[in-house]
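Once you have looked at the hints, place chains B, C and D on chain A.
Chains as they are written, first to last, in the UniProt record's numbering: chain A, 1 to 260; chain B, 1 to 260; chain C, 1 to 260; chain D, 1 to 260.
Source of the hints: derived by calculation from the structure; they are not laboratory data. Quick caveat: nothing in here was measured; it's all calculated off a predicted structure. It is possible that some hints are incorrect.
[Unchecked claim] Only part of the chain B face toward chain C is listed, based on derived beta-carbon distances under 8 angstroms:
#1 Arg24
#2 Arg25
#3 Asp28
#4 Leu32
#5 Ser77
#6 Asn80
Ideal Cβ placement from N, Cα and C applies to all residues, glycine included.
4 protein chains.
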Amino acid sequence: MTNTQLSLVQIDNYGPWTVTPEPRREMDLQTLQSRLFADLAQFVGSRNGYVFFTRFDNMVAVTNGLDDADHELLQDSIGNRYPVTISLGVGVDPSPIEALESGTAGLQTAGSAQDGDRREVLSGSTLSDAERAGEDVQIAHFDVNDATGKYTDRLNEFDSFIQIEQGYATLMRYLREEDDALSFFVGGDNIISVCPAMTEGDYRDAIRHVSEEAGVELKVGVGTGATAHDAGFAAKHALEVCREDGTDVEFDRPHAELAD
Amino acid sequence: MTNTQLSLVQIDNYGPWTVTPEPRREMDLQTLQSRLFADLAQFVGSRNGYVFFTRFDNMVAVTNGLDDADHELLQDSIGNRYPVTISLGVGVDPSPIEALESGTAGLQTAGSAQDGDRREVLSGSTLSDAERAGEDVQIAHFDVNDATGKYTDRLNEFDSFIQIEQGYATLMRYLREEDDALSFFVGGDNIISVCPAMTEGDYRDAIRHVSEEAGVELKVGVGTGATAHDAGFAAKHALEVCREDGTDVEFDRPHAELAD
Amino acid sequence: MTNTQLSLVQIDNYGPWTVTPEPRREMDLQTLQSRLFADLAQFVGSRNGYVFFTRFDNMVAVTNGLDDADHELLQDSIGNRYPVTISLGVGVDPSPIEALESGTAGLQTAGSAQDGDRREVLSGSTLSDAERAGEDVQIAHFDVNDATGKYTDRLNEFDSFIQIEQGYATLMRYLREEDDALSFFVGGDNIISVCPAMTEGDYRDAIRHVSEEAGVELKVGVGTGATAHDAGFAAKHALEVCREDGTDVEFDRPHAELAD
Amino acid sequence: MTNTQLSLVQIDNYGPWTVTPEPRREMDLQTLQSRLFADLAQFVGSRNGYVFFTRFDNMVAVTNGLDDADHELLQDSIGNRYPVTISLGVGVDPSPIEALESGTAGLQTAGSAQDGDRREVLSGSTLSDAERAGEDVQIAHFDVNDATGKYTDRLNEFDSFIQIEQGYATLMRYLREEDDALSFFVGGDNIISVCPAMTEGDYRDAIRHVSEEAGVELKVGVGTGATAHDAGFAAKHALEVCREDGTDVEFDRPHAELAD
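Chain A on its own, in the form it takes in the complex (with noise of 0.2 angstroms):
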């Protein structure tokens, strides 16, 4: 059973900045967000967690792994490097939807997003190192059967992307709804999820749903561990295993071990 610890990590009362006392350059903006990513990136993933940039003013983080003290750190240090500070709400659930849940109730439980006076919020607690297992994160790593032949090499960029697009925007909302899984574009033809205990027959049901839906084709690979990085860097090879055989669903270990 996976057991995910989801920190949500909020820009605090972002919008009313980007527009006081004026409107600020769109590309300074779009610069600020992706750099705050690119740190999230580096301080979470250096600890094994993975962080999705989402909505970039809200971004959503795997952090098995990493404690309270972490948590902390790395407010106090976007605090001291960044024009704006941030709010962490962290939560723990076998579900991942149910994780995220209770992580962005600790945040809204303190104040609105816009609320000029929430600042630095850190709510929820993370997993004690007695509580964390081998099989807490299972992470699914998808991509698209060919993308460069079929679209890169072929299309205008943006119909390729629009392809892309809409094989995520499918997919992302039936996992959501059938699995209660999270997944996250990640750039490229690349879609990352972050899963309960999904069976092989699950994930072959949303490649075909978005198959049929989307008429994008899709392929994965799945791995579970303890931290984000441990299960997705196992999702990883077994998606080149996918891409050396020829085959749609490729776990990291049997199921009847993770059934253990």
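What follows is chains B, C and D alone, placed relative to chain A:
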């Protein structure tokens, strides 16, 4: 009439690089991608252009005002500082999608995006000063009505994101098909579209379509200028007028003026 | 007694790379160097170490608290994101200069800094948890008395800089020769020294020497801890006491305690 | 004759900010400083200027080719993305030190560097296109003869650094006093000097002085151009000629040409 100069930015042979000799850590890839985008945003943005991250391995820039030497310098500077190189394909057309079609074709003709020998291509040519005009770029800046109150402060972050994302997926497809405009999610609840000379009616139709199909309520500020920044900054101010007056569509200048 | 763990960070074969195939743009090299340093500062700093830019192609880090796996991860992550790679040589000793001697020797034994085949060496070994103690690191944080009033607001910037620089050049040489301490300019009018267990008299002698030889008046806060951050943060607070009380040398704790 | 345009970049009220409300983490400050410098290096460098980090809270830029609007844009963009703001003082003079004196005076007149109310000052004015010429900037690029063989591969890193540093401290003072030139350490064994129109004899005298006083053997390539990059790139190529031919001083063009 608009005359948009678009530059496709494509990381050379990126997919294979990410898994050679074995898959690289996902958070390092995310860091690399988002910092590369940030550097492009600063280079292009400080010359009054816009760049959108799209799929990160392929990015789309509005480069009216940047000449061939600027493109060469950008390519050179990225090559000096990153483990990857970029190719650039430039296209110009009254229709944004045609401009991108042309820019993309320049790179496709030179070889596949995953051809290891095709590096640092620079194709197409930029507008001369004599060819440029004050109405070359039309930018529409959309946002979601009361996204904080309806979504961020009420739903969990992923369900908020699904709403925004489905609104975006619907708008991007509609504007592409109906108006040859290119729409990009830029964070928060913001979408920026690079448009041909569209009318107020065209924008109202788009907003109505997104409301009906995805249930997401948008408003839009529209600006026109010689560069993406000029047009986009005017669009931001027009969007502020929407916010203050409770209107759905605002232009930065009367239509009569645009028709000149 | 201190027990400093120092890691030499050396960019592999950097000199030749900067002029291959022809000299690269200077500002791109400066950007690369300073961002690489910033990334090291975040990685090492968020694990409570310190890193100093020194010559940029060779940097010195105080890494008490970082283990072998941290060093490997750092090396791997830099290799994934930069066009250059780094080698790391670790040394541990009560004397900082001996620790660095040992760390440097590890790399020198493996080959020349400009040997194109010597890449990503990791030599030496880190302290185990059992070997670590609360007095392992002593940090002295110096600044110049009234640098703003005497220099910045009065002289042109280069002449201000000459004053600070000559003060630094004098201090670095003196502390190296007299005390085996390593001193680094860290911006503004600040110098941070990594020291063995030195006494108040040792610091007074150093300040007097710099005053007599370079005409620059310093004060210093000294801190001791298990990590560079613990020691350095205590040193900063001690320096604040100097500022408030008008004193020249302040320790974070009584000598008797240090002698335990 | 040279005509150097120098811009002093000063972080507003930085010292007090670093200790408010209490001292900030040193590695966060180091990160902030080096990233701010990197951003300046990209902005100024991609417009063919040079910037030197000097004391980090005060930096010196050679900005021939950048106009007032460029300076305003830079100031605005930094203010949008950092927790600190910058003031800029521009000066122009055949003598680099006089240009910097003038640029510094502009800021000093406006208030103290630690005056909390003095923010985002922009003083002085830039050269018009009509005033600019192809010999406005002279750059000398020094390096140390066989630094890798004599120091890096033989001494511990701090003792190597001391050699380089003492050579630099000697050169910077000599060229300032004898020639009104400004010299900056730029990493490795490299020093870049912004010079008035100096002769081969002047450079030989400087090299001899550093050899005699600090025991460090230098060579130098000298370039002249309309911008720092033009001059500096020519200097790098001239330095390559020194390396190949074993000479000490090389100019990019005959003196007769410079005297025209």
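Hint-by-hint comparison with the structure:
no., hint, in the structure
1, Arg24, "holds (5 angstroms)"
2, Arg25, "holds (6 angstroms)"
3, Asp28, "holds (4 angstroms)"
4, Leu32, "holds (5 angstroms)"
5, Ser77, "holds (5 angstroms)"
6, Asn80, "holds (4 angstroms)"
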